[in-house]
Amino acid sequence: MSFEPLLETRELVKSFGAMMVSAGIDLFVRQGEIHAIIGPNGAGKTTLIAQLAGELRPDSGTITLCGKNITRLPMHARSSLGIARSFQITSIFQGFSVLDNVVLALQANNGHNFRFWRNAGKYSVIRRSALEVLDRVGLAERAHIVAGNLSHGEQRQLEVAMALGTRPKLLLLDEPMAGMGAEESERMISVLRGLKQEHTLVLVEHDMAAVFALADWITVLVYGRVIAGGTIDQIRSDPDVREAYLGDEEALAVYA
Amino acid sequence: MVKQKYPDLRQIVLLFVLAAFLTVPLFGELFYTRLFTRIMIYAIVALSLDLILGYGGMVSFGHAAFFGFGAYTVGILAQHGVESAFLAWPAAILGSAAIAAVIGAISLRTSGVYFIMITLAFAQMLYYFFFSLEVYGGSDGMPLASRNTVAGLIDLGDHNSFYYLVLAFMLLTLFFSRRMVQSRFGMVIQGVRENERRMRSLGFATFRYKLVCFVIAAAIAGFAGALIANQSLYISPAFMHWTRSGDILVMVILGGMGSLFGPMLGALFLLLTEEVLSGFTEHWMILLGPLLIIIVVFARRGVYGLLCGAKDVV
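One line per chain: the protein sequences are A and B, in this order.
Counting in the working numbering, the first sequence runs from 1 upward without gaps.
Counting in the working numbering, the second sequence runs from 1 upward without gaps.
One or more hints might be untrue.
Label-pair ranges, simulated between beta-carbon atoms [what the hints assert, rightly or not]: (1) Gly148/A to Ala105/B: 29 to 37 Å; (2) Val135/B to Pro74/A: 25 to 33 Å; (3) Gly148/A to Glu274/B: 53 to 61 Å; (4) Leu306/B to Asn119/A: 45 to 53 Å; (5) Val82/B to Ser60/A: 37 to 45 Å; (6) Thr110/B to Thr62/A: 28 to 36 Å; (7) Ala121/B to Gly194/A: 30 to 38 Å; (8) Ala299/B to Gly181/A: 48 to 56 Å.
On the chain B side, residues computed to face chain A include the following (Cβ under 8 Å) [said to hold, decoys possible]: (9) Leu126; (10) Phe129; (11) Gln182; (12) Arg184; (13) Met187; (14) Val188; (15) Gly191; (16) Asn195; (17) Glu196; (18) Arg198; (19) Arg200; (20) Ser201; (21) Gly203; (22) Phe204.
Source of the hints: derived by calculation from the structure; they are not laboratory data.
None of these values were measured; they are calculated from a predicted model.
All C-beta atoms, glycine included, are put in the ideal place defined by N, C-alpha and C.
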């Protein structure tokens, strides 16, 4: 892990009406780390991810990627700069085959797509890369199944595979373990650990076991504010965090 | 793109329909030759709407505008002495494409119900424009003196020649459209239909793809319009009335969206039903209505789905 900042936000502010969902967020994501963002429900985690991905525009503040100000870039432009996102609510192409889901992701940044004649299935290089990506998330054997027929856990894996397919520098993962059973979560944890070699990950997750197993750095968000940031040990012993998680204290204690 | 085993029922149906179409003029009944020419032209329009509706997920309620615009292009050019199909037909295609580029650039910024309404509004604008354009017949429309010429190669005035030419164009359109929906561009368009937000987050500037798809569909519709002007030798604003857009929508939905071939069957089915039922009563819509409801409720993929099973056509 180096200490180069890959992504940085300064004073990020976003309100919906009177409700301030991002109240001046400073975030510093280093190259090569798994940076977890945790916080109670309604803390503004998904809104933050949406602003990083370019789906929502902040009211004020800046977002920089590799020193370049990307605050005003639309979603697709950020994707080509290397930011990929997986969605909290599974957002795959249900009617496409598993392979085609990833092929589409690869197509996004691979040459232009105004090709009207040649059968999409004939681009064997892209298909081979897509299979490799599927292999990394453990779905290679399911490549030719219609995506809608995958189990929930597999759909979550595909969700990550699609984000990976755009060959990102930075992966924004919004609750990749959402709705998963213990066994599926275990598998996802090992998938994500495998990604760490090549990618920087920002991980929003409620599953504390997963966070403590993976994170190099944890940022704690409460009501749109960063109340703490640090390593796993620092966060565990932080009194503010314990207070924010009052009632959920057991969740923290279990892994203490 | 799930691989299919060959031969399957849909190919048999396709071959059967094709064979039937090849033989129509052989019966020597002018009425049927003309009827089926008209059906094939509408099959081309329905197919073009399927590109945006079935594959792109864009519910355009103004598709007849491009159809009518193509027809008027041929009519107006003929009025000014341009008889050659080599000039008039490309003009119809390019004209419709240009209009679609403008309409699409504005209306594709909306989606859902708003998109339906705005395409409808644009189409009605065009309708009233030609409705009040007295130089070219206004609300009465205008007759054409004769069909276009093709440098003496074939006589389009001959109903059989014209029939086979339209058939050839219909098959070509189907072939090109099939290539297109299976191409990279086609995959992107279908991805947009399934989940536009995800496509944008993957890095696709989706607006461009939708606009290009919209323009291509309009160009094909404009071409069909050029053909219908030649077929009927009469042009009126009725070609672009919103009820005509509705008819084309019905063909697509009835036949089965997102299958290209289905909407063509839809055109065949709707126009034949109209022909047969209107022989019994002028209120034939009363009979067609319930039939439509039954098909939409019980066969999600339309007539084509009934025939070939509701397979995924992605």
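Outcome for the supplied range 37 to 45 Å, where the beta carbon pair is Val82/B and Ser60/A: Given about 59 Å between the Cβ atoms, the range is violated.
Take the shortest C-beta to C-beta distance between Met187/B and chain A; is it under 8 Å? holds, 5 Å
Next item in the hint list is Ser201/B. Is there a CB on chain A closer than 8 Å to its CB? holds, 5 Å
Does the beta carbon distance between Ala299/B and Gly181/A stay inside 48 to 56 Å, or does it fall outside? violated, 38 Å
With chain A as the partner, please determine if Gly191/B meets the hint condition of a C-beta pair closer than 8 Å. Hint holds; Gly191/B Cβ to chain A Cβ min 5 Å, cut 8 Å.
Could you tell me whether the CB distance from Gly148/A to Ala105/B stays inside 29 to 37 Å? holds, 33 Å
Can the hint on Glu196/B be confirmed by a CB-to-CB distance to chain A that is less than 8 Å? violated, 11 Å
The hint names Val188/B as touching chain A; please verify it with the least Cβ-Cβ distance against 8 Å. holds, 5 Å
Taking the closest Cβ pair, is Gly203/B under 8 Å from chain A? Since the shortest Cβ distance to chain A is 3 Å, the answer is holds.
Min Cβ distance, Arg184/B to chain A: is it shorter than 8 Å? holds, 5 Å
Please verify that hint: Phe129/B, Cβ, nearest Cβ of chain A, below 8 Å or not. violated, 32 Å
Cβ separation of Val135/B and Pro74/A, checked against the hinted range 25 to 33 Å: violated, 45 Å
Hint violations for this structure: numbers 2, 3, 4, 5, 7, 8, 9, 10 and 17, all remaining hints satisfied.
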